[in-house]
Amino acid sequence: DTEVTQTPKHLVMGMTNKKSLKCEQHMGHRAMYWYKQKAKKPPELMFVYSYEKLSINESVPSRFSPECPNSSLLNLHLHALQPEDSALYLCASSPIPTGVAGGNEQFFGPGTRLTVL
Amino acid sequence: KQEVTQIPAALSVPEGENLVLNCSFTDSAIYNLQWFRQDPGKGLTSLLLIQSSQREQTSGRLNASLDKSSGRSTLYIAASQPGDSATYLCAVRSWGNDMRFGAGTRLTVKP
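Protein sequences appear in the order of chains A and B. Per the working numbering, the very first residue in the first sequence carries number 237; after that it's consecutive. Per the working numbering, the very first residue in the second sequence carries number 4; after that it's consecutive.
Possibly wrong hints are sitting among the right ones.
[Claimed, not checked] In silico lysine-lysine, DSBU-like type, Cα no more than 30 angstroms apart, as pairs:
| no. | chain 1 | residue 1 | chain 2 | residue 2 |
| --- | --- | --- | --- | --- |
| 1 | A | 277 | A | 254 |
| 2 | A | 277 | B | 45 |
| 3 | B | 113 | A | 289 |
| 4 | A | 272 | A | 245 |
| 5 | A | 245 | B | 45 |
| 6 | A | 277 | B | 113 |
| 7 | A | 274 | B | 113 |
| 8 | A | 274 | B | 45 |
| 9 | B | 71 | A | 276 |
[What the hints assert, rightly or not] If you want a taste of the chain B side facing chain A, the calculated C-beta under 10 angstroms gives, among others:
| no. | residue |
| --- | --- |
| 10 | 9 |
| 11 | 39 |
| 12 | 44 |
| 13 | 45 |
| 14 | 48 |
| 15 | 52 |
| 16 | 89 |
| 17 | 94 |
| 18 | 102 |
| 19 | 103 |
Worth flagging that the hints you see were computed from the coordinates, not collected in a lab. Only a predicted model underlies this, so the values are computations on that prediction, with no experimental measurement involved. All residues carry an ideal CB built from backbone N, CA and C; glycine is no exception.
Construct all of the structure, not just a fragment, from the sequences and the given hints.
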């Protein structure tokens, strides 16, 4: 299996809802990432997990809560989101985290299109 | 903080032309540079990865070069095809898993 999968593909939620995005990879990668991408903008890094531990949080609001239950799975829990949080949420993985042997290629999933009403 | 710039923002060419996309970055202390392709509303597809010690990488009709000292990379696409139409993004990885993307070049190849 050489891909990153994300579910759901589309999600519509109200501002009071609680939902979760899921990302999975079975390539043995030990670094996983969440990015947010607004329309016609480049992806912006949100969180990085290295060896299942949170290593980077790019000052993301607490209404976004990441979780890495195991080396293959990454979740993003959403609560009390705002309409401006509507975006494409991308998950990525890489074999080893940057800073170890020069850093490796990132592989991206297809994304979850989130709409907050 | 690393700043990544891509020029041009948009490019339209007839089928069969060779073309060059440019990427520049402000901090030369990078681990690697990666070129991606993104179709509308889709995820990113990795095209080429150049480590900081390398000068270029090739894959099929694609060739990417890296001049770390001047903070520049180019993506060369030979014999362009309509299927190459997409947004091309370069991303630079610096210390601590910090990956910064350029704004992208939107390429249209006309039949």
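Hints the structure fails to honour: Result: hints 3, 16 break, sorted rising.
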